[in-house]
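Visitor: Protein chains in written order, with our numbering: chain A, 158 to 549; chain B, 158 to 549; chain C, 950 to 1273; chain D, 950 to 1273.
In short, the hints are calculated from the structure, not lab data. Among the hints, erroneous ones may be present.
Unchecked claim - Cut-off 27 Å, straight-line C-alpha distance, at most; resulting in silico cross-link-like pairs (DSSO-like, lysine-lysine): (1) Lys314(B) with Lys1116(C); (2) Lys513(A) with Lys1116(C); (3) Lys1173(D) with Lys1146(D).
Unchecked claim - Per label pair, the in silico range of CB-to-CB distance: (4) Glu483(A) with Thr1260(C): 30 to 36 Å; (5) Pro247(A) with Asp1002(C): 51 to 57 Å; (6) Thr1268(D) with Ala524(B): 55 to 61 Å; (7) Ala518(B) with Asn1138(C): 53 to 59 Å; (8) Thr1260(C) with Phe1230(D): 47 to 53 Å; (9) Asp1002(C) with Ala486(B): 45 to 51 Å; (10) Arg1114(C) with Asn474(B): 46 to 52 Å; (11) Arg1114(C) with Asp499(A): 56 to 62 Å.
As the list claims (entries may be wrong) - Non-contacting residues of chain B with respect to chain D, defined by C-beta distances greater than 10 Å in every case (computed): (12) Gly204; (13) Thr456; (14) Ala486.
Glycine included, every Cβ here is placed at the ideal spot set by N, Cα and C.
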Amino acid sequence: MSKESTEPQEGWVFEIPPRLRFLDEEGALVGGAEPPMSDAKAVELYGHMVRARIFDDRLLKLQRQGRIGTFAPSFGQEACQVGSMAALGPQDWFVPAFREAAAALYRGAPMKSILMYAMGFEEGSATPPGARDLPVSIPVGGQAAHAVGLAWAMKRKKDKGIAIVFFGDGASSEGIVYESMNFAGVLRTPVVFFCQNNQWAISTPRRIQTASETIAQKAVAAGIRGIQVDGNDLFAVYAATKEAAEIGRSSGMSTLIEGITFRRGVHTTADDPSVYRTKAEEDAWVKRDPVDRMRKYLTARGVWSDKEQDALESRINAEIQQAVAEAEAFRDSDPDPLAMFDHTVAEMDPYLARQKEEARAALSGRAVLQGATAQKKQGGSSSVVGELQEAE
Amino acid sequence: MSKESTEPQEGWVFEIPPRLRFLDEEGALVGGAEPPMSDAKAVELYGHMVRARIFDDRLLKLQRQGRIGTFAPSFGQEACQVGSMAALGPQDWFVPAFREAAAALYRGAPMKSILMYAMGFEEGSATPPGARDLPVSIPVGGQAAHAVGLAWAMKRKKDKGIAIVFFGDGASSEGIVYESMNFAGVLRTPVVFFCQNNQWAISTPRRIQTASETIAQKAVAAGIRGIQVDGNDLFAVYAATKEAAEIGRSSGMSTLIEGITFRRGVHTTADDPSVYRTKAEEDAWVKRDPVDRMRKYLTARGVWSDKEQDALESRINAEIQQAVAEAEAFRDSDPDPLAMFDHTVAEMDPYLARQKEEARAALSGRAVLQGATAQKKQGGSSSVVGELQEAE
Amino acid sequence: MSGERITMVQAINRALDEEMTRDPSVMLLGEDVGVDGGVFRVTQGLLAKYGNDRVIDTPLAESAIAGVAVGLAIGGMRPVCEIQFSGFMNYAFEQIQPHSSRFRQRTCGSLTVPMVVRAPSGGGIRALEHHSESEEVMYVHTPGLITLMPSGPRTAYGLMKAALRAKDTVIFFEPKYVYRAIKEEVPVNGDPLPIGKAEIAQAGTDVTIVTWGAMVKRSKEAVKGLPVSVEIVDLLSLNPMDHDAIVASVRKTGRLVVVHEAPRTGGLAGEIYARVCEDAFYHLRAPMMRVCGWDTPFPLLAREAAYLPDTNRIAAAVTKVMRD
Amino acid sequence: MSGERITMVQAINRALDEEMTRDPSVMLLGEDVGVDGGVFRVTQGLLAKYGNDRVIDTPLAESAIAGVAVGLAIGGMRPVCEIQFSGFMNYAFEQIQPHSSRFRQRTCGSLTVPMVVRAPSGGGIRALEHHSESEEVMYVHTPGLITLMPSGPRTAYGLMKAALRAKDTVIFFEPKYVYRAIKEEVPVNGDPLPIGKAEIAQAGTDVTIVTWGAMVKRSKEAVKGLPVSVEIVDLLSLNPMDHDAIVASVRKTGRLVVVHEAPRTGGLAGEIYARVCEDAFYHLRAPMMRVCGWDTPFPLLAREAAYLPDTNRIAAAVTKVMRD
Ligand SMILES: Cc1ncc(C[n+]2csc(CCOP(=O)(O)OP(=O)(O)O)c2C)c(N)n1
Ligand SMILES: Cc1ncc(C[n+]2csc(CCOP(=O)(O)OP(=O)(O)O)c2C)c(N)n1
Ligand SMILES: [Mg+2]
Ligand SMILES: [Mg+2]
């Protein structure tokens, strides 16, 4: 192999193609672009984006009311999530980070489950039998390796699925993400590495996350495909993911997709973005909003009206109301406060069983379940993940 | 910043220039190349390569005789190590992995120290005051981060040094190496990341280490420079390192240099390469040997003769003999078997001091120092790092 | 100003601030430590005061943060790295164990790594998964490291000052549950607390509680009103551990309860039992007891109160050890 | 064939081989496990027999090896990853603690991670720096994991078979010092040993030694010829730990010595003391003792014999605990 000799080489050139885009900010198709899907399908996916956004907004309110705990909104990133998942099927594994409620909803996760999780109940992330969905992964980046393993398992089983994993611009700095892409390259386990570059990792701007001009080009290090898309353009995300999945299915080649988007809201409900970014920046992204853009497109094509929007919104609101009621009913149904003992290992050894008894005795009927049932304390608290007790 | 908008982009192109080479395998300058150094300097560096090789060979014999423990030979990689270090100065930090005896010797590490370390005495890796040399780093890849920190410290002190870190083709798969390059890119801390791609990571060939065509291109992921050189060509290594250092000093930009070379010997003294690679492959690299190539070059230029070679070799052999004698004298000078207590922390707390007393009492005069003084047991032992006790 | 009562967040901020003024080699680095002032605001204001040469928002990579700090420290700087939550120090352990803790030994003392790794630790703030871990054992069990955990503003201030003058790597766990829950008077330009010294948080004669971090406050609350004289030893320095203080207290009381948040099996309670066995065994009047996190993963927020040692469990142990 | 006495290396190889035949979902992955058969030859011959779909030489990245295995396991495979030396599992801990150990809890049992992480552990083979670590504590202290350490060929065989049928992640430490130092009869197509059960390596009445791994052999050697009847409990399963076996033995003998290679402070000896305090305290006739690695980094080879518990230190502890 010439690589392994010391013979001179020609040099190497790597290209990241121009950022893929179908729709401009006004929702008009850019020069010559053909929509990658029918109007009916576009309407359907638009509906999913709206559903995710309204749900997200409702979670924010519930959090402010102390009815759920900390969560990470997907506000502004709906096109990345719905567009990519719509290009895949149930045979494909979905591996989220922690900001993929829109993707999870599209996949069929019950709103009730997402709410229960946000209320602090593991029951909310129980995976339905057969579903190829991983739960939220909090430690940044680690889930990338799981996607490689899942894709590998499918390959071993001659199962035509691929895996998609989400992570952020911040996560792209974690060694495990590089290692996972490198494994996928060598093992030819087809994975779509979907980086939602939303410009921020909490308070850290993209600019100081890496000196590379794009995140897409990090694919070069692993010998996989890299591509950048307008992440606020549902069509671009859809088309790029579809192509990546096809290439993956047929050849085992993985793709890193960088979706350029923006986290329009808080990092999590306990974060205050005004400390680190400007109103001007936030405003600039309002007009690039992925949901509005699609609405303009559909309206211009005459397949969407305000009336339909109203009907959609009331359907979604009713669905949410129902889900909140169900989740709160679960919360109020006296779930076992000691359930963590039951899912530590498959076979509880005597010493752990004994601890469970001790724990039961220590509770002696006291109500200790908290979270959704506790009152939210307001205050100067600035944790990104929880709530600090305040001294008098 | 355009990167942070969703505006379309032109696309991106990244180039890794052709592999740098000055000398062909016969030691002749390739078309039009000018030697990057004077004949006198070339003779001097050639001397360093020969010195490293003879020393390496002697260590192998000492290990076979049971006089030192496991070590990792630099056999075949002398041009990478001497060529790069010769392009730097004492103001620059040298951060080795574990196969850089040739580089360390060039830097001025006493042979005696290297021998003491191989005999299992920490005293062998005590850094002389003021020397900007880190000791051997066994955990693969971790030292890359240290180089970034050292370069950063120099930058903070407005000190013009840069750092060079060595690692292997195998190490290039470790996340920490990528993370370190990414930090260097963002922080503009000038580091030369020198990857000695010697085609093997123990038994794992370069081909299944990564799907990237070159290791040099991994620089693209971090937004730093990447370049490939013929690592068995002293001139190419020297010129590339010198340029990288100059760019680093003036701009803070780091460079990843991939030196294409070959580990001609065992991984470590306990390894058996015949299990995983062919004689044919080994032979192919014999004619690309970096030391022979330089000798041919110097001989053809009329600045080197067999007589000079003989004189050089006897000087080196005498130096080695002297060093072995000194190291064995140290070993036989009854070093404190409990020295590990003294260098655990700066201030030994009472409980640790008490353990040291207990340890002293437990020894009660028994000779427990082993290593170089123990008899080597032969056997089917196949650990890459040590020696297994064998059952009858 | 020194009379003012401040929180632990403010106290650590003050210690960092004063040490940065005193020692120009001190640098802060980590995720969101600069512009944001840290997700808990511990480093607030320091970027503005000391500039972005000394307070650096890094890329998101814990092992590199720790590993680059190792290089900075060897190069003569005194880095303080923040790991955003102690659970994510797992990513950094690959630098801390093989390198931070071993450079002194590796080089016979010629190269050393005086750096501080700060991390909020423990539960109790209704946080997301993986933000409530108590992982002190693996650091305490790694020779070559100093591991500290303050229990309130005053000790946080004094220990952080000590950490910034130590000659070796200090792992500095900040019990986030009490970040703002306690206010105390904290000196301005005060002295470091000694490393390796426990404090008697409350003197007593019948039972010794050995504990640290957030559990000091909880233990005090738990024993209030009990008809037993409880001595509470606030360990502060987990390694080196104040062996003599533990032994002296148990010799006096004859009874020991250890309280910690970390899971029971393999937790530090056992270490403290061992110290007692070594030097106060014959003074024991009852079996030693421990009140710990259960041997399960730390649950999501709804169940965290069932997981963490609470005042009931602590009081019950104290009562039981008196009866035994 | 079954009558033949084989080494631990061969015994583990046999267990892997048989389980790969029995269960086509078993896959081996790691650095040098394929063509080379592992640097200690534990996986020798398995690539040739099962092909490179099932025995895979991976790139050099421990966290990815473990993390990819998590995905494989969730996806229905049964991966066995080799980490070349337990010291390098630090790199993998960022996957093992947050993911391997927690998926069952995270998903209420709907997604689980039945995988095995094998690693040679401990000292005694005159190895390079960082190749002699004993880091079992951090795994034992991580709820959700099963942690095993055999002491010889027979137990290695039986425990590896158990590991490959377990429903959760098993951390499997192989005491490399005895890889080839002991030969025993090992069954062909034999049964798994139960997880969570210790064995009485030697019965006795005066003193209990609790130990595991390479220290079982060493303890046997140490007490040979002592005028004391020593019972040696070979723990085998570090988590779950055989609480009852420890308690029963100490109730009988009234005296305990724990022997382990890992550093003293924060080591598992304390945990064993705690178990005794919980259920056998009043049977103790003397303070419990421990013989451990010192609280220093593991030294280079010249000094390793001064670091590791040796027969002298073990014998001295047994003698002392009889006098106390
Ligand atoms: C390993 C690890 N380090 C730090 C954190 C704390 N943390 C949570 S989210 C986050 C920023 C993530 O940024 P990015 O990857 O861009 O994702 P985004 O939040 O923008 O979706 C940080 C630092 C964590 N959860 N895990
Ligand atoms: C983190 C870590 N993993 C595994 C090892 C065991 N090991 C030592 S050297 C080596 C191969 C290194 O290959 P490469 O980086 O190419 O360097 P080379 O040996 O070829 O110089 C391995 C796997 C180690 N020392 N550290
Ligand atoms: Mg982001
Ligand atoms: Mg190599």
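Visitor: Does each hint fit the structure? Answer for all of them.
Guide: These are the hints, each one checked on the structure:
Only pairs whose Cα atoms come within 27 Å are accepted, and lysine 314(B) paired with lysine 1116(C) is accepted, the gap being roughly 21 Å. Among the hinted pairs, lysine 513(A) with lysine 1116(C) is inconsistent with the structure: their alpha-carbon atoms are about 44 Å apart, more than 27 Å. Between lysine 1173(D) and lysine 1146(D) the CA atoms are separated by roughly 25 Å; this keeps the pair inside 27 Å, and the hint holds. Our hint of 30 to 36 Å for glutamate 483(A) and threonine 1260(C) holds, since their Cβ atoms are close to 34 Å apart.
Against the hinted window of 51 to 57 Å, the Cβ-Cβ separation of proline 247(A) and aspartate 1002(C) comes to about 52 Å, which satisfies the hint. At about 22 Å, the CB distance of threonine 1268(D) to alanine 524(B) disagrees with the hint of 55 to 61 Å. Look at alanine 518(B) against asparagine 1138(C): about 46 Å separates their beta carbons, and that is not inside 53 to 59 Å. In this structure, threonine 1260(C) and phenylalanine 1230(D) break the distance hint of 47 to 53 Å, their C-beta atoms being roughly 25 Å apart.
Our hint of 45 to 51 Å for aspartate 1002(C) and alanine 486(B) holds, since their Cβ atoms are close to 49 Å apart. Taken as a hint, the range 46 to 52 Å holds for the pair arginine 1114(C) and asparagine 474(B), whose Cβ atoms sit roughly 50 Å apart. Distance hint check: the CB atoms of arginine 1114(C) and aspartate 499(A) are about 48 Å apart, inconsistent with the given range 56 to 62 Å. Listed as a non-interface residue, glycine 204(B) keeps its Cβ farther than 10 Å from every Cβ of chain D; the least gap is roughly 29 Å.
At the 10 Å boundary, the C-beta of threonine 456(B) stays outside the reach of chain D, the nearest C-beta of that chain being 39 Å off. At the 10 Å boundary, the C-beta of alanine 486(B) stays outside the reach of chain D, the nearest C-beta of that chain being 14 Å off.
Of the hints listed earlier, those the structure fails to meet are numbers 2, 6, 7, 8 and 11, in rising order.
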